[in-house]
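J.: Now for the letters of each chain:
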Amino acid sequence: MATNRPAGTVRLLLVAVLSVCSASAFADLAPQEWLNRMGMAVKTTNYEGTVILIQDGSAEALRVVHTVKDGVVHEKVVAQEGNGLEIIRKGNEVHCILPDRQHVLVEEWDNQSTLFSTLPSSDVQFGSEYDVSIVRKERVAGREAMLLAIRPHDEYRYGHKIWLDYETGFPLQTQLISAGNAIEQVKFAEITLNEEIAASSLMPSMNTENFTWLEQPSSHKGSSVETTWQSDALPAGFRAVSTHEEAMNDGGEMVTHIMFSDGLANVSVFIAANSGKLESGPARVGGSNSYSITQGDYEITGIGEVPAVTVEQIVTTMRQP
Amino acid sequence: MNEAIRMQVSAFVDGELPSNESELLLRRLSQDAELRQDVAQFLALGRLMRADHGLAGADRLYERVAAELNNEDLPVADIHPAESSGQSRFMQPLVGASIAAAVAMVAIFALQQNTGVDEARNAATAAVETAPVVNEIVPGINVQQERQRQYFRSHAQSASELGANGMNSRVVSLQFSQEVIQPADVETQEDTEASADVDDTEERSTQP
Chain A
656 MATNRPAGTV
666 RLLLVAVLSV
676 CSASAFADLA
686 PQEWLNRMGM
696 AVKTTNYEGT
706 VILIQDGSAE
716 ALRVVHTVKD
726 GVVHEKVVAQ
736 EGNGLEIIRK
746 GNEVHCILPD
756 RQHVLVEEWD
766 NQSTLFSTLP
776 SSDVQFGSEY
786 DVSIVRKERV
796 AGREAMLLAI
806 RPHDEYRYGH
816 KIWLDYETGF
826 PLQTQLISAG
836 NAIEQVKFAE
846 ITLNEEIAAS
856 SLMPSMNTEN
866 FTWLEQPSSH
876 KGSSVETTWQ
886 SDALPAGFRA
896 VSTHEEAMND
906 GGEMVTHIMF
916 SDGLANVSVF
926 IAANSGKLES
936 GPARVGGSNS
946 YSITQGDYEI
956 TGIGEVPAVT
966 VEQIVTTMRQ
976 P
Chain B
2 MNEAIRMQVS
12 AFVDGELPSN
22 ESELLLRRLS
32 QDAELRQDVA
42 QFLALGRLMR
52 ADHGLAGADR
62 LYERVAAELN
72 NEDLPVADIH
82 PAESSGQSRF
92 MQPLVGASIA
102 AAVAMVAIFA
112 LQQNTGVDEA
122 RNAATAAVET
132 APVVNEIVPG
142 INVQQERQRQ
152 YFRSHAQSAS
162 ELGANGMNSR
172 VVSLQFSQEV
182 IQPADVETQE
192 DTEASADVDD
202 TEERSTQP
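Residue numbers (this note's numbering), protein chains in the order written: chain A, 656 to 976; chain B, 2 to 209.
Hints listed in this document are in silico derivations from the structure and should not be mistaken for laboratory results. One or more hints might be untrue.
Far from chain B, some chain A residues (derived; all Cβ distances over 10 Å) [as the list claims (entries may be wrong)]:
no. : residue
1   : D786
2   : A888
3   : A927
Sample of chain A residues at the chain B side, in silico, Cβ under 7 Å [unchecked claim]:
no. : residue
4   : F925
5   : T956
6   : I958
The structure presented is a predicted model; accordingly, all values stated were derived computationally and were not measured. Here a beta-carbon is modelled for each residue, glycine too, at the ideal position from N, C-alpha and C.
Based on the provided sequences and hints, a complete structural model is requested.
T.: In C-alpha cells, the structure reads:
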C-alpha cells in the first residue's frame, strides 16, 4: 500500500503540471485559434446544462442535453417556463413537443446544425469588416472562460461577444451586439461538459402517444443555378455565395434563393413570382430582420441576422439587367 | 370545396350565417363525407395558421353547433318540409333537434377524427384513436405567413451549411414552428386581453 502513495502523488503532480502547461498554451492562442477550438468543441462536446436565452427583453430558461454518438447528434431541449416545449432530436429528425397543446411537430433539420453553436469557426476568414480580439478571462457558469469580441466596422452588421470555456473551447455565453447593446444573449447558468449522458436523459419527459402528430414538410432545395439578379448597392464585404432554386411546400412554386455573406453575417434573398398578396415592409424576430418588396412581376424578401438597414438595402437594390 | 362553401363555413363559425343556411350547411355536412373532410381541413388550417378569414377552428364550430342545438326556434319545416308535413306538430321540434344533433355530432366527430384539433373533447373519441397519426401540415390559408416561415427555415438551413450554425436562426425557426401550432386567436382572445399588460412577447416578436 505504502509503495502506491509516491506513484499516486507523482501522477497527481504530472496532471497538475500538464494542466498548467496546457493552460499556458491556451493563453498564447490567437483569436482565430480560439474560434477554431470553439468550432471543434461544438461538434464533439457532450454537455448537459441550463441555458438562459435573453431576447427582446424577455428571458427563457432551457434545459439542454446534447451528445454525439457514432456521428449522430442526439439532443433534448426543454423549456423551463411557459408552455414546457420539448425538442427531441435524433440526427435529422426533430420532434417539437408542445405539452399544453398536446401536439408533436415533426421537423427535419440538417445534420450539421446544432442549437447552441453560434458562430462560424475555422472556415471563416474575417475580412476588413470585423476585428476579432481576446478581451480577458472571466467566469461563466462557474467555469473559467475566455472572452472574445468581434467588432464590426460599420452599421451593416452586428457585433458578437463570446465566452469560451478555457478548458474545452465550448461557448458558455454569447451576445449579439447592436450599437453597444446586447440584443440577444445565450448563457449557460450551469453546465457539465464531456460527462457520460444517459440514454434516458434524451427521451421525452412525457408519453406523447395520444398527442396529435403533425409533420412539417421541408422545402425542397434544388440544384445550384445561375441568376442575373444582383444588388446594385451591396454593403461592403457582402458577396453572393450561393444561388438555388427551391420548391416551396405551399404548392411547389419555385423560388430563387440567393445567399449573401460577409463571412460571418448571412442574408438570404428570396425572389418569387408576384402573388399580389405580399405584405411589403420590415419585420423582426429577435436579432433577425426581414424586408419585403414587390418589384414588377416579382416579390423579393430578404432575411438575415443583420441590422434592419442591411437587409432593406440589399432587398431594395436587387435588380435584373 | 368551393369558395362559396368556405365563405358559408366561415360565416357559420362567426355566427353570421342565417339560421336557415346554417341548417342547410349542417345537413349537407352530414351527408357529404368528402365535404366534411374538406371543411375539417379548412378549419384546422385556419386554426393552425392563425388565418385571418374569421375562422377559428373546431371549438367555435362546436359552440356554434351547440348554440344551434339550444335554439328552440329551429326552422324544422324549412329543413324537412316533406317530413314535417306528415308528422305530429309536437314531434317537430324534437325531430328537428335530433336531426341537428345528429348532424352536429357527425360534423364534430369528423373534425375530431380528421384533425384532432379539439383536444378538450378528445376523451369522448379516444376509444377510436390508436397510434399517433402524422398529419402533414398542408399550406395554409394565410399564404404569406406560411411563406415567411418557410423563408426563415430555408435561411437557417443555408446559413448552417455555410458554417454559421445560427443560434439566432434556429431560435427563429423554432418560434415559427411554435406559431404553427398555437391555439386559435379567438380561443385565447380573452386571455390575451387579460394578460396584455404583462405579456406581449409574441406580439413584439413578430412585429416590425
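J.: Run every hint past the structure and note whether it holds.
T.: Verification of the supplied hints:
A cut-off of 10 Å between C-beta atoms confirms that D786/A is not in contact with chain B; the least separation is 18 Å. Listed as outside the interface, A888/A is consistent with that label: its C-beta sits roughly 21 Å from the nearest C-beta of chain B, beyond the 10 Å cut-off. The Cβ of A927/A does not lie farther than 10 Å from every Cβ of chain B; its closest approach is about 8 Å, which violates its non-interface assignment. Residue-level restraint check for F925/A holds (minimum Cβ-Cβ distance to chain B is 5 Å; threshold 7 Å).
Of the supplied interface hints, the one on T956/A holds, with its beta-carbon coming within about 6 Å of a beta-carbon of chain B, less than 7 Å. For I958/A, the suggested interface contact is upheld, since its CB lies about 5 Å from the closest CB of chain B, less than 7 Å.
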